[in-house]
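Could you build all of it, start to finish, from the sequences and the hints given here?
As a plain string of letters, each chain reads:
2 protein chains.
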Amino acid sequence: MGEIKHLCMVKFKEDAVVDDILQGMSKLVSEMDMVKSFEWGKDVSNQDMLTQGFTHVFSLAFASSEDLTSYMSHERHLEFAGTFMAAIDKVVVVDFPVVVAKPSPAA
Amino acid sequence: MGEIKHLCMVKFKEDAVVDDILQGMSKLVSEMDMVKSFEWGKDVSNQDMLTQGFTHVFSLAFASSEDLTSYMSHERHLEFAGTFMAAIDKVVVVDFPVVVAKPSPAA
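Protein chains in written order, with our numbering: chain A, 10 to 116; chain B, 10 to 116.
Misleading hints may appear alongside valid ones.
Here are the computed distance ranges between Cβ atoms for each label pair [said to hold, decoys possible]: (1) B:Arg85 to A:Lys22: 37 to 45 Å; (2) A:Ser74 to B:Arg85: 31 to 39 Å; (3) B:Leu31 to A:Leu87: 32 to 40 Å; (4) B:Asp42 to A:Ala95: 14 to 22 Å; (5) A:Leu87 to B:Glu88: 42 to 50 Å; (6) B:Ser39 to A:Gly33: 38 to 46 Å.
Far from chain A, some chain B residues (derived; all Cβ distances over 12 Å) [said to hold, decoys possible]: (7) Glu23; (8) Val26; (9) Ser79; (10) Glu84; (11) Gly91; (12) Thr92; (13) Ala96; (14) Ala110.
As a list, the in silico DSSO-like pairs of lysine-lysine whose alpha-carbon atoms are at most 27 Å apart [as the list claims (entries may be wrong)]: (15) B:Lys99 to A:Lys45; (16) A:Lys20 to A:Lys36; (17) B:Lys111 to A:Lys99.
Hints in this document: simulated from the structure, not taken from any laboratory.
The beta-carbon is built from N, C-alpha and C at its ideal position, and this holds for glycine as well.
Set out below in structure tokens:
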């Protein structure tokens with residue numbers, strides 16, 4: 010059984026305090042044991058035709074779909090999701106079992 | 010210097026032969042030494058309001074932005090990109106230096 014990832018691609022509102030949100034998310038994730046790992050990043054391509062205005066990616070990995078469900082329905086996640094959703098202009102969220110087609114040499 | 014990821018989120022056309030494209034992509038990536046690792050996945054949430062119709066995620070990792078540039082401009086990638094773009098209904102592509110906020114226990 011492989012990992013399942015919860016991936017959010019986001020465009021923040023112009024007045025959003027992105028640093029506060031990043032901090033809140035890192036804190037939340039560090040406290041939620043069912044989150045196996047968490048990485049994020051900010052687009053550096055700046056190619057609007059490709060990014061469609063999306064600027065940030067957040068990727069949470071879980072050991073099982075049960076862990077993902079438990080995270081999604083957790084009170085603290087729901088609380089944070091409210092703050093998060095209020096700060097964004099648009100978002101796409103997908104959940105997918107990870108297929109490793111070319112493993113990292115370090116793995 | 011951390012990894013840089015090239016992430017594509019895709020909705021395929023209804024008549025696209027997705028298996029052929031996945032096979033083509035895996036073959037391409039396996040032959041391109043500058044691609045450090047490659048993973049992909051298919052959404053299992055089926056929540057249209059969140060996925061916005063996007064169904065697949067493709068994530069390529071590179072050791073440096075130079076490697077990403079060298080991949081993007083490579084003849085074989087450009088050739089494949091033509092086939093890929095012809096098969097998709099919509100796509101978002103972002104490139105981002107990876108910030109590991111919570112490392113995987115296995116790492």
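For this session: Determine which of the earlier numbered hints do not hold for this structure and return their numbers in increasing order.
Result: 4, 14, 15
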